[in-house]
Amino acid sequence: MRRVRRAVKLTVIYAAVAVVLVWALFPILWIASSSIRPQYEIVATPLRYLPQTITFQSYRSAFTDPAFMRSLRNTVAVASLTTLLALATGALAAYAFARFDFALKRPLFLGVFLIRMIPAFTLAIPLFVTMRTYGLIDTIAALVLTHTTLVLPVSILIMRTFFENLPTAYEEAAMMDGATRLQAMTRIVLPLSTPALMVAAVLSMISSWNDYLFALLFTLSKARTIMVAIADVEGAFYVDYPLIVARGMIALIPPVIAALAFQRYLVRGLTGGALTQ
Amino acid sequence: MGIGYTRRRLQARATPFLLLLPALALLTAVAGYPLVGAARISLLQLRINTPEKFVGLENYRRLLSDPQMLQSLGVTTVFVLGSVTAAIFLAYLLALLLYQDFPGRRIVRTIVLIPWALAPVVNGIMWKSMYAPNFGPLNDVLNRIGVLSQSVNWLIDYPMASLILAYVWKVLPFPTLIILAGLEGIPHELYEAAEVDGAGSLTRFRRITLPLQRTVTLLAVILMLVDALHAFAVVDILTRGGPADRTMVLNYAIFRTAFRYLDFGYGAAMAFALTALVLVLTFVYLRAQSEAALATAR
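Going line by line, the protein sequences match chains A and B. Just so you know, we're using my numbering here: the first sequence kicks off at 1 and counts up by one. Just so you know, we're using my numbering here: the second sequence kicks off at 1001 and counts up by one.
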């Protein structure tokens, strides 16, 4: 009786799992399949879900288009610089919040948290006006500074929580032996905190890579990122459908791989940020 | 703790501020200063290539009497409430499924996370292709199974529903993870004790899971509300606020005012209205969170 019930339960579960997998994967598989076929096949009726002719022409076009390649290089540069800067400044700040008691600690921490909640345009409008005045529009630096600020609060939150749960004995021993605070932090705390650093790095990288709003407003052509490039889909005469989705696939792959590779840590980091304080 | 350690601590009074300096400098320059700047701009008449002029609260007065603003607030309410309701409901179903113990659970949990990592722009492009009137799979599937007899132009005929579906598809993993973490925090003994007392699975869900999940659900709801208020890229790719402003959510209306009409002063005032809304939600969130912290401490 129990075994029958278990079998019925598993059948129901797997039926639900099938629905969930279709829901989560079908749209992605659809654009993946559209990206590897010729245009004529996409506009043919009846609609086919698997390509009849497989061609990587669209990917070739994307990777040989100088403007697209520049946007890809810009995105890699912005995302890596943002991640490095957010980790470096964020780790120091998180360490201060985790290990010290100081005046204004609580209001400062609340301030950092609130920044995460401010609507983007509240910052984007004055930043745009200022950057325009100082000629910072369309520079990589403008985007890196903006992205770093946007991802800093979450990075600080994640690293602070991790540092707080780390025993202080190791650092204290190192400082007894004459190490400075900074040495104790960089040589002892940081190596022990790899999981938290990874989560903060992956989250920073993904947010920067995926950002559209600031990239759209702050760049024109020189510093244009991949999101702005692929959003600009209207062709002069006709719409090259496979090319649009192929470029979308290229923009999709890095963050998805990063998320999957660090999935276990990410889940803890994401929910930890929301559930523990 | 030796005396040397205490003295070092005293000497280190400045240390935390030095550690905080780089991050705070960035946050002040790129968030604090603009925030003040936005407040200033909202009191100006500031358009591109015309000299700025101080107009006091004029922009805010205009905000209250602007029929487009009222319409946009209505659209925003429908989008936000629709998205959050759908997302929380689906997240519960999904979390309850992923909570079950079945072979392959880990891989399913991983796959379900994928939409979260997608860029909103890619999500928009993807759903535009799903909704395509003639070559899109949505019409094709619904025609084949007999739900539709002809193709529907989703983004023109049902722009709001289409927008909500595309948005919810991408954000769903996030509330799911939060709710799942909450479910896994409920001690098993509670369920076992209830089972011994003869409670069926539905009763257990209603009497144990739901009450204990109250704060977790509230947190997920507020985080989703704030996120939905911020939706931008998906709107820009799918509908651009149209047709006829039917999906002109507040965030997109701000974008149009400031960066299409280049009316920065009024745009900043609109942005502040949205900020006020988000701050109210944030304080509810913080209160709920300290409640949750108290509950776990007990």
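No lab work stands behind these hints: they were computed from the structure. Cβ atoms here follow ideal geometry from the backbone N, Cα and C, with glycine treated the same way. Watch out, some of these pointers could steer you wrong.
[As the list claims (entries may be wrong)] Partial selection, computed: residues in chain B whose CB lies under 10 angstroms from chain A: (1) Pro1034; (2) Gly1037; (3) Leu1063; (4) Leu1064; (5) Leu1113; (6) Phe1135.
Evaluated hints:
no. : hint    : in the structure
1   : Pro1034 : 4 angstroms, holds
2   : Gly1037 : 3 angstroms, holds
3   : Leu1063 : 14 angstroms, violated
4   : Leu1064 : 19 angstroms, violated
5   : Leu1113 : 6 angstroms, holds
6   : Phe1135 : 6 angstroms, holds
Comparing the model with each earlier hint shows violations of hints 3 and 4; every other hint is respected.
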